[in-house]
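Participant: Each chain is listed here by its residues.
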Amino acid sequence: MKFKAWLKTITFYEILVGMAATMRHLLRYKPITLQYPHEKRTLPDSYRGMLALLRYDDGTEKCVGCDLCEAACPSRVIRVVSSEVPGEPTKRYASEYYMDMTRCLFCGMCVEACPVDALGMTREYEWAVYDKRNLLLNKQQLLAIGDRSYPVREKRLEFQHPNVAFFNVAFKNLPAKGT
Amino acid sequence: MGLKPATNPDVEAASIDLTIDGKTVTAKDGVSLYDVISSTGKIIPAMCYHYTFDPFGSCGMCLVMQEGKKAPVRSCTAKATAGMIIRTEGDDLFQARKKAVEKHLSVHPLDCPVCDADGHCELQDMAFQHQVTTLANAKQKLIPEDTRSLVLDFNMNRCIACGECINICKDVLMIDALQFMKKGGFTQVVAKGDAPLACEFCGDCLAVCPVGAITNKFSKYLYKPWQLKKTTTTCNYCGDGCQMHVETKDNEVVRVTSPLSWKNKWGDRSETAKGHGGLCVRGRFGFQFIDSKARLTQPLIRKDRKLTESPWIETVETVVGRLADIKARYGPNAIAGLITARCSNEELYLFQKLMRAAIGTNHLDSSARYGHLNFVHAAQHALGVGRMTNDSADITKAKSILVVGSNITETNPVFSLRVKEAIRVYKSQVIVVDSANTNLAKLASHPMLVKPGTEGLFVKGLVKSVIEQDLIDTDVTGRHAQAFAALKQAVAGLSLDAVASATGVSKVQINEAASVFAEAPRSVIICGEGIVRRPGGYQHVLALIDLLWVTGKLGRPGCGINTVTEEANEQGAVDMGTSPEFLPGQVPSDSDEARTKFSKAWSTPLPNKGVGAGLMDILKKCRNGEIKALYLVGENPLGTLPASAEVKPALEKLELLIVQDPFMTESAQLAHIVLPACTFAEKDGTMTSQDGKVQRIRQTMDPIGESLPDWQILAAIGSGLGCASMEYESSQDIQREIMKLLPGYYNLGQPKKVTVNADGYLSNGYQAEAAGRYCAEQKAADGGKRFSLTMGQLLYHSGKLSTQASGLLLIASSAGQLHMSLQDMERMGLKDGDRVRVWSAKGTAELSARADLSVLPGSCFYPEHFNSPPIKDFMTVEVDAVTGVPYFKQAAVSVEKA
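Chain order of the listed sequences is E and B.
Residue 157 in my numbering sits at position 157 of the first sequence; the count goes up by one each step and never skips.
To get my numbering, take the position in the second sequence, counting from 1, and add 1000.
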């Protein structure tokens, strides 16, 4: 026992064990760090990045200004100002929509809360800015993110009557179009 | 009233015993089973139930199992009977209730995200509570929204036909503007006759709607309940002192809601005698003035004839410097001040303290001078009480109510509900004396339509008739034999026939009204603007008191005399001493004891005795140069008083006119310094309602722009003028000072009952007074003018303040219209909206006319809130000899088609 311990001491055995991994990589070198701006990682399919507002295929905003995202948000990122659609007094929409991305946790609760799938999480993550104020995004900016991230848009359902305040409900017994 | 307990307040209902969930419960006979269950603290879901009206039984949620019955029964429409054995819980009941929710949901759109009721919806709550997740046979109604009404939108897709809106409109408000109608295969709620809704727009239907079927047009789609900050405060419009919830989002008022809602559906109907918690159109829809664009946001100082913006510090310095300069040069009596009765008690107190202690003048007055002081003076003089003598429960339970000269459903709509409840629930007899066919007159048992301006004469006729018919209370007249003899002698000169011909009411009717009033065990008088704002107001209130004492009603529980006020805090203005004749607490300002008390409290001598001018005297002194500086807090005499009062020359003659107001008023345009003040929604304080309830107003949002609460400005000026005791940090500091000086004034909305004592009045000098009161009135010659023009209040407006609320202007626009009777319009060949020319010796004006069913032929009505065209300038001002109240609401004019 004493001899074994003496042998380990004079051959720096513990150090060799400790450095084994280092030595191994020293010999078989393969870089792990990505040279970030030049190289980019492949994102997993479930990646939850920048939030975006989406549109229907006819270009109209999906958002109905129901404010459920604001209610669901744990860090009070979202602010919705809703009003009537101009010229269509029975339809509601978000006249203003703000996201303060400095506070966002990317938890995705707003996306889950949205009853009309108007919110989406994109694969964008390159949002470093010099001025924090640039991270307070308005509706136009959020729609623009949606436009570039979701080129394939959902089809807008037919509305039944111009004066009926339904939104995306599918009916079996629809009246004929144009009534 | 089938299912409610016996509604005669004199009879107690019998008690019965029944078993609920194994426990024995005692209840009153005749009560709904639902009420009995909810009184034990158990809550059974019910969507169509509200305690203010009778059970309707349409929602099918309040199911309970009764032993001996196979199927569940609806507890709301079932009458509680002795020996019932009831089970309220169980899986079978849960499933049955769930079926009812599913039935409602199957025709209810799933548009919660866009619905305004989302998050405040009973159907949503019920669906959640009963775990409704799938619907087998959902079908949509696809009914277009009815957006025709000015105020409310009806989305009948969402309606669950609970009938709450219809029931509250019919049973509680007695307006009956809504009905069910079968249309497009569905039962829908529509306005009567499926016309666009045109009612009193109190919005109580909106408050009780458990779903989003009725929505408010002014805040539609602008909010979700969880975004709003809800502050309970007191309404600033009339003297009813309704509590309301102002709901704000940042610095923007989104909506106003009432304590009445589908959520407070459990209660005892005996509680409604104190009020049902609803609001009127002004309170609910007239909130836009708070965050209006027209608000003043910066102090203004006149430089080179133009009002220019200036920072606060500089402005206050200028105000203080110039006031001190005028005081030094001309003495304190060259400064006067007027304040509006829409300010809080603390501000009114501080204002009179500023005037009396810091400046040393007794020239101060408030807008209570426009009429309420007539009542206060008369009641103080005769009864020793300076406010109305009954509370709202007394009025609800009165057996006979004499409403004289008060279009109470228009001026004080929520207070009028007490009279309506008296009619409906307690079957009281109501005598309405007015020169217009008011809404209350249509419900009353004894409507008395008198000729314009003869309300006071009618009252005297009642006194005469009571004595002639021997309806007097011999106990009282025996005790005050001398006074009774004096009164008898005084009315001897009055003949009932003359009264009948002058008022246009037959002698038989006068006698009947007198006997109804005198014979009822509990009789209450409510007098309004038709008495206190018309010539002889003070004497007419005393004549009403004569009627009370001679019939033995004075001091009897449940009897009394009451008034209604136009502005929110007129009672507070009187109590806080903002008039030359009163110090705080309604003590005469020449009482030595009070003078010592206040000069000690303020550590400064008070202005000399006997000096002091009220509103009209102040204006006169401004004109003749005695007063050099005038401080107007929220007052706008130029916009209120007619041209003949010569307000403009008075204000122009001043060396210094300071106007402190939230808005740029007519008077402010003449001012040298304009100080931006806050509205009631941006400050803390208290208000005293007409029945003496001291209630809090709470800050709902930050002041708009750089405006400041009035008390802050007053305190700054006061301490600037060197008054050491005027430094306050919050309105609570002022409250504490008032509490010390007036112990017991802050009654937290529970005023003490007042006790009246007229013995001193009846035994000292009554003889001389009564003799003068009943002499025949001189009727002013009308100079061949055919129409009697009256100015008064509209339901949709209150003073000038409401003309800043865009919602109310939408309902009743500020382009004033002349209200004429249908008969006159037909005779003159006029249609609604036609232009007419109105003229008198004072001028001519052209405006459009509209038919108004409440106006009598030969008279016309113009809302006093509007000055375009300035109809008020037709009026002459008559000032009451005793109280100094200006009378300027009636004139004789000619009208012809333009």
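Derived by calculation from the structure, the hints in this document are not laboratory data.
Fair warning: this is a prediction, and the values are worked out from it, not measured in the lab.
C-beta: ideal position from N, C-alpha, C; glycine also.
Keep in mind that the hints are not guaranteed to be accurate.
Only some residues are given here: those of chain B computed to face chain E with a beta carbon under 7 Å [claimed, not checked]:
hint, residue
1, V1114
2, E1145
3, W1226
Participant: Would you mind marking each hint as holding or not holding in the structure?
Facilitator: Structure-based check of all given hints:
1. V1114: Constraint on V1114 of chain B satisfied, holds at 4 Å.
2. E1145: With Cβ-Cβ at 5 Å, under 7 Å, it holds.
3. W1226: It holds, given that the least Cβ distance between W1226 of chain B and chain E is near 6 Å, below 7 Å.
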